[in-house]
Amino acid sequence: MKGKIKNKISAGVIITGVILVLYTAIMAFFIYWAVMTSLKTNDDFVIGKNYLSIPKTLDGQSLAPWEWEWSNFATIVQFFDVENVFRNGRMIASIPFGTQALYTVMYAVGCAFLSTLIPCIVSYATSKFNYKFNVILDGICIVTMIIPIVGSQVSMISLLNDLNLYDSFIGLYLMKCHYANMYYLMFSAIFKGVSKEYYEAAYIDGASEFSVMIRVAMPLVASSFGLIFLMFFIQFWNDYTTLMLYAPSHPTISYGLYRVMTDSPGGTARGYTTVRMAGCVIIVIPVIAIFLIFRNKIMGNLTIGGVKE
Amino acid sequence: MAKAKKRFFNKKLLFYCCLIAFPLLQYIVFYIYVNFNSIVLAFSSYDKVNNVSSFAGFQNFVDVFNEFFNSKESVSFGIRLKNSLLDYLIKTVVGTGGALFFSYYIYKKKLGGGLFKVILFLPQVIPGIVLTSIFRFSVDSGIVNIYNTLVPESSRIVSLLSDANTVYGTVLFYALFISFGTQTMMYLGAMNKINPSITEAGQLDGVSYMREFVSITLPCIFSTIATFLVVGLTTIFTSDLGLYSFFSGNAPGEAQTLGYYLFRLTNGNKTNLAEWPFISAIGVIFTLIVAPITLGLRKLMAKFDPMN
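In the order they appear, the protein sequences are chains A and B. Sequential numbering of the first sequence, starting at 1, is according to our numbering. Sequential numbering of the second sequence, starting at 1001, is according to our numbering.
Isolated chain A, as found in the complex:
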């Protein structure tokens, strides 16, 4: 009887394993397909109907890697240009790929840093100093996380307009200086675990409150800070809808790719699947590289209760 049950159990594990293998195969197919398609000529793909295999000539001969259509990457960069953008009532002719890359760095790095720093600082304050107001700050965080609010985007646009911050990076940065989120709770859990003796020793050495925070507390959360910064960085690197709503004349490369993928002026390279896939490959390389380097940290520390130190 026991043996029978064990067989069933094994079947359950095997079925889950098979589904995971299938999932992996589909994911691998998507990546392979995107990379291979990005290296084909449009004729090879459309006329030669070469949908699956490596790049070929029209008479079906496989090409060596150095003969693949690497120029698709140069072509797509030109088609990233976002045209007819209005800023402060004036039309800007075009925002090229290079400028978009700069905006991407400004948006992803700036917002990721502030989104990490603000919860970190507030959690340090509420963990280190024992004031009654801490209860209110904790309560605000919990309530904000629990109560879902839908459709306040137009109100945010209205506020940014009133503050003259609409369509600016300062406006975006201020929006992201939000402390009431799960990372506040994560940092709080870490700071509450720090021994008071560290702080006392620094006070005895004559350190000011600011020095204690910067030189004693912050190094203790540096790895968690870096991890949360990375998670935010990936999130903001990939985000294009926030900029579309709140800073439309500052397109990032994700926004540029969105334009390439959804605008289809006939007869231009934007319409070619091969060139479009080259755009996808360009954007995905940096985040995949970051993820693969830090994958164990990122995935190993993801829990709802807090970041494990």
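By construction, these hints were calculated from the structure, which means they are not laboratory data. Misleading hints may appear alongside valid ones.
As the list claims (entries may be wrong) - Here are the computed lysine-lysine pairs in the BS3-like style, where the Cα-Cα straight-line distance is at most 27 Å:
1. A:K196 to B:K1299
2. B:K1303 to A:K196
3. A:K297 to B:K1110
4. B:K1303 to A:K297
5. A:K192 to A:K297
6. A:K192 to B:K1011
7. B:K1048 to A:K192
8. B:K1193 to B:K1108
9. B:K1193 to B:K1303
10. A:K132 to B:K1011
11. B:K1193 to B:K1109
12. B:K1299 to B:K1193
13. B:K1072 to B:K1048
14. B:K1012 to A:K132
15. B:K1193 to B:K1110
16. A:K297 to B:K1193
17. A:K132 to A:K49
18. B:K1108 to A:K297
19. B:K1193 to A:K192
20. A:K132 to A:K56
Since the structure of chain A is already known, use the hints to place chain B on it.
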């Protein structure tokens, strides 16, 4: 001595105030004021000619109900509501169920667990616009074309994403496919926190994996599952299934969701002040529906938590 102590205390208080002042001000302006202003907008109307706002009572709410229930749009609203509810249901049943099994498989350190963990998490790392593009083109320019070369001409299909009968199923499959990562990692994190002595005791009693999963693992991580179910409720009104990345503002009516509708409306009218009250009224109505349900479900889940 007492004076020095008092001064030190004041310095501490001053430093504390410096640390929390800006985040608190930001919260008041960018959260409390924004949401309050959203309610104010929902009760106002905007006169484009004279550039003034005035109190409109419940007119915007009446307009929203008329749009949803008494106009040509009512059919579309019905489809969007059905699609959004189906999306939540499928993601809850298949998405959560799948993520639980996947995380348990990895937790038990079965063959390939480390690789599957990375693969499952990849969709959270790859930009949504890239994933939708690869999916869209590989399905329509790849899989459909390969299928068409294998079947007779009469059985050929043009596109899964432009056919009214297949578009919703296709985007739902995509949304489900990319949804496992975060849940799997969170459940795995929760499973790794289970005291090993509990599972070891079960193993000594000869319990099967399934029995261990149902009787030990699920109760131990119930609060994490409950959190996902509660948070997921909001997605009924916010999830767009990636439609904006697939189709921009031109998604076929058969595939649209409430989240897509609201985002498209907002993005299309970001400079049209006259539409803001109507959009805000939709937001207020959706919030009034989802907030109490969320809080109720949260309480219910806490009641049924076997660890309480």
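Right, here's what the structure says about each hint:
1. A:K196 to B:K1299: 36 Å, violated
2. B:K1303 to A:K196: Distance ~37 Å between K1303 (chain B) and K196 (chain A) Cα, so the pair is violated.
3. A:K297 to B:K1110: 21 Å, holds
4. B:K1303 to A:K297: This hinted pair is violated, its Cα atoms lying about 34 Å apart.
5. A:K192 to A:K297: This hinted pair holds, its Cα atoms lying about 22 Å apart.
6. A:K192 to B:K1011: Answer holds: K192 (chain A) to K1011 (chain B) is near 21 Å, not above 27 Å.
7. B:K1048 to A:K192: Answer violated: K1048 (chain B) to K192 (chain A) is near 54 Å, above 27 Å.
8. B:K1193 to B:K1108: 13 Å, holds
9. B:K1193 to B:K1303: 22 Å, holds
10. A:K132 to B:K1011: Satisfied, since the Cα-Cα distance of roughly 17 Å is no more than 27 Å.
11. B:K1193 to B:K1109: Measuring from Cα to Cα gives roughly 15 Å; hence the hint holds.
12. B:K1299 to B:K1193: Between K1299 (chain B) and K1193 (chain B) the Cα gap is close to 24 Å, so the pair holds against 27 Å.
13. B:K1072 to B:K1048: OK: K1072 (chain B) and K1048 (chain B) at ~26 Å, within 27 Å.
14. B:K1012 to A:K132: 14 Å, holds
15. B:K1193 to B:K1110: 18 Å, holds
16. A:K297 to B:K1193: 17 Å, holds
17. A:K132 to A:K49: 70 Å, violated
18. B:K1108 to A:K297: 20 Å, holds
19. B:K1193 to A:K192: 19 Å, holds
20. A:K132 to A:K56: 71 Å, violated
The structure is inconsistent with the numbered hints 1, 2, 4, 7, 17, 20, although it conforms to all the rest.
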